[in-house]
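Q: Turn these sequences into a full structure, and let the hints steer you where they fit.
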Amino acid sequence: SAVISQKPSRDICQRGTSLTIQCQVDSQVTMMFWYRQQPGQSLTLIATANQGSEATYESGFVIDKFPISRPNLTFSTLTVSNMSPEDSSIYLCSMGLAGYNEQFFGPGTRLTVL
Amino acid sequence: AQKITQTQPGMFVQEKEAVTLDCTYDTSDQSYGLFWYKQPSSGEMIFLIYQGSYDEQNATEGRYSLNFQKARKSANLVISASQLGDSAMYFCAMREGRSSNYKLTFGKGTLLTVNP
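Heads up: the sequence lines are chains A and B, in that order. Sequential numbering from 165 applies to the first sequence in our numbering. Sequential numbering from 4 applies to the second sequence in our numbering.
Because the hints were derived from the structure by calculation, they are not lab data. Here a beta-carbon is modelled for each residue, glycine too, at the ideal position from N, C-alpha and C. Check before you lean on any hint, since a few could be wrong.
[To be verified] Label-pair distances were calculated between CB atoms; the ranges are: (1) B:Pro119 to A:Gly216: 49 to 55 Å; (2) B:Gln33 to A:Glu250: 35 to 41 Å; (3) A:Asp190 to B:Lys73: 34 to 40 Å.
A: Below, the structure is given as structure tokens:
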């Protein structure tokens, strides 16, 4: 299987600031996915990050608000920019691995914006 | 239209009994995968079970089984012999396509409470 770590595990931020979330995988993977889970809600895909190309954003999410980097096959970052209380969520990264049907998820980053 | 529908916001079950969590899906793809994930209060996403659209037999993983009815587009999760540790949120998800590199679409989830 795969081991995925995320940093930070949680943070409390002031509105108007930005936070960068890191996702590290112990295997080389082509695609990484970033999801948002607002309080009491389901997971919603923010974007798909493919190494060596621009991330693909889902409807309702834009690069200026959620810039993503994918510098290599084991690492990605998601930045939540100019935060507001509505950005308070759990942010999760995930990836698929050859030979496995399921996607593996990181432990998540719990973000609270005051 | 929703691609994954979970109609039970909350379910209660007595310890040691079986429970069925409902999931229906909508896709025009012939090749797709259906998943169930468990999310305890800690927030981690725990993979439970997978069913491929071409799989003829229902998937089973220990106490978990997936009741796959393709014509009805349903993929219900059955948990046998419920345990207190099964109390959590359960999400049904779908991937359109064969590869695990395709994105997942999640249902709204069902909060399961196991009573002693």
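Q: Tell me, in ascending order, the numbers of any earlier hints that this structure violates.
A: none
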